[in-house]
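Asker: Based on the provided sequences and hints, a complete structural model is requested.
Quick note, the sequences are listed as chains A and B, same order. Here this note's numbering is used: the first residue of the first sequence is 1, the next is one more, and so on. Here this note's numbering is used: the first residue of the second sequence is 1, the next is one more, and so on.
Take the hints with a grain of salt, since some may be wrong.
Simulated DEER-style distance windows between Cβ atoms [stated by the list, open to error]: (1) Lys439(B) x Ile94(A): 35 to 43 angstroms; (2) Gly460(B) x Ala31(A): 14 to 22 angstroms; (3) Glu258(B) x Tyr74(A): 52 to 60 angstroms; (4) Ser304(B) x Glu38(A): 42 to 50 angstroms.
Please keep in mind that the hints were generated in silico from the structure rather than gathered at the bench. Quick reminder that beta carbons are idealized off the backbone N, C-alpha and C, glycines included.
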Amino acid sequence: MATVDLEFAEQLEHFGVDTASECFNCGTCAAICPLIYEHFPRKIIRYAQLGAKDVILREADELWRCLHCGLCTYTCPREANPGELILGLRRYVIANWRGTAHVQT
Amino acid sequence: MANTRKEIEMEREPKIGVYVCQCGGNISDHVDVEKVCERASKIPGVVVARENMFMCSDPGQDLIIEDLKSGTVDRVVVASCAPDLHELTFRNAVSRAGKNPYIYEHANIREQVSWVHHGDGATEKASRLVAAATAKAKYIQPLDPIRVEAKQHAVVIGGGISGMRAAKDLAERGIRITLLEKSPFLGGRAAQLDRLAPTGEKASDLITELTREVLNHPAIAVYTNAEVTNSEGYVGNFRLQFQRRPPDSAEDLDKIKEMVESGTEFGEFIPLVGICPAKIPEKIEEYTIEAGVILLATGFKPYSPRKGEYGFGEFKEVVTLPEFIKLMARSRRNGKVLEINGKEIKSVAMIHCVGSRQIPGVHEEDETGHLNEYCSRTCCTAALQAANTVRDTYPGTRVFDFYRDIRTYGRGQEELYERASKNRVLFLRYEPAAAPVVKRNNGSNGYPLSVKVNDTLTFGEEVEVPVDLVVLAVGMEPNNVSNLVEMMKLPVGADRFLLEVHPKLRPVEMSVAGILLAGTCQSPMDTGEACNGASSAAVKTSSLLGRGYVELDPFVAEVDLEKCTGTGACVEACLREEALTLVEMEMDGEKVQRAEVNPALCNGCGACVAVCPENAINIKGWTLRQYEAMVDMIVADDIAVG
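Answerer: Written as structure tokens, this is what we have:
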């Protein structure tokens, strides 16, 4: 079960993500993605909307599957920029690894 | 057994034209239309039998008009869809050919044949129905519509935005109006709103302006605290009795208290309440008025959730959307976070479809056994408008929106949905059988409630949202007008809203002639749509009253004075008061009692025909003789399907 984190959207802004809420979960990105990997990237974007940080960190590997072809961003009907979202989430994940494993902030 | 061909041939032979419609395959896919025509053409009295792809189209109607004009036919039988739909179309075509529109008979071979039967049986039944119609057509007499003088006065029941809109429009057209409002206040539900979606204009501005126009118009008489107690008469000549009564409902008394406390004058707008135009009556006052048309603008009430539905009535933090709109409008701005009753609201959950789109077996019926299976249409947009207001005004307050489907259907409404996303409203979607659960928060996260849902957008995972306030986007239910329904014999739909004759062809008329619908008494609609409906009803009223008289269908009882012996059986059987009476008249120098019909009141039901021992009374256009001819023809195998 995920509990919604009310502050996560603002936290993500530091990593260059400010369009997550504009996604209306239609799944066009997952349909066009050449990886054809489960519900990528729709599902991880939904977790970002909810602020399910633990799930994002646990399943962070998925973020590095992305080939950065840009098809999802090109086809997104809400112009939520999913490609850029994935990159932002990578930055968030890296910062968190650093934060916990190396440099104390 | 049936009449033989010979017996039927002995009757006088009018020239009957039969016109069979294919309905673009709707009929011809199952009924052999060509065969129906071929059989019809052999029926005695039928001079032509033609088919067409769409008889209701201009070329189809032209076939009929040409045959009438050339004198080829003098009786018309069209076999097509249900008469509801196009009987009037074809009568008008007959009129355009310069003939009496009542020399027309209709056979329904779509709803009663091709949509329900297939194969040879369908063709056979169609043939028999067409044959029966021709048999009836033989005895058709040209009839004249009943003409009744129409009172140039309309009564509008309901002083909300629809009632006032209609009153204003009609008064501009020069028709006198009596506007009756049950409560002490004008403005209805719209007056209780803050800003109207999707445009964002202030409801108070609209209501204030419209009410001023209504109150200042010399042709409009407004009665608040007024309830109709009796209604009789017919289109053009209704007679209504109503009472002004001292208010007794708790809601009205509260509002009056608010008015007195705020020191508001009569005619001034009270925010979120409305306008009280006149002194509250202290005792019952009785009135009687006459009117040509009655407009119903009786409006809606918000669905009232059951105790325990999403925690309503159990947790004080659960409110309905109309309540929330008021709370928000009354709360003072304090910058970042919304504050209600002195409490900071950092997180709001909105739940859609409360009391709408209810599903048998999933939702609980109300105490009368009803489910609101319809979509209330306005709540999605209203909820999103409220969500945007929260986010625009109080950036520190979050909004979570639990929906089944977002139905922002009208112009400018989808934009509200998009804006809500941009405003970081988080949407969660639930299935009706797994609705969100609101529970008291036992954790120490500082939020009194949490809402749990199996969120289909997160692939069915359970998601929990901590909140300070839950807002239920409740649907619309029609106001209880059972007294008017009973009094005026009004048709009501399965959804309990008042029912129009046809949603597209006669959208604001009721089947009781002269009674029209304006606004949300008819179905859920937003303010703009309600005003549309009201203006349509106003236009329809002016066209009804504009000629100074109304024409009614002539299918009413007619007494054959040669046969009538004044038994009075018909008067006793008559269902409509004063439609049928015994009157004294002189016959052969003798004073006798005879039945007399008031054509304007007669429903044409035929109860009198059934009881007359002398067969001295008949319904014009539907005589016993015509019925007999139809039945004989249906069973006349050699003619109908020979």
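Asker: What are the numbers of the hints that this structure violates, sorted from low to high?
Answerer: none
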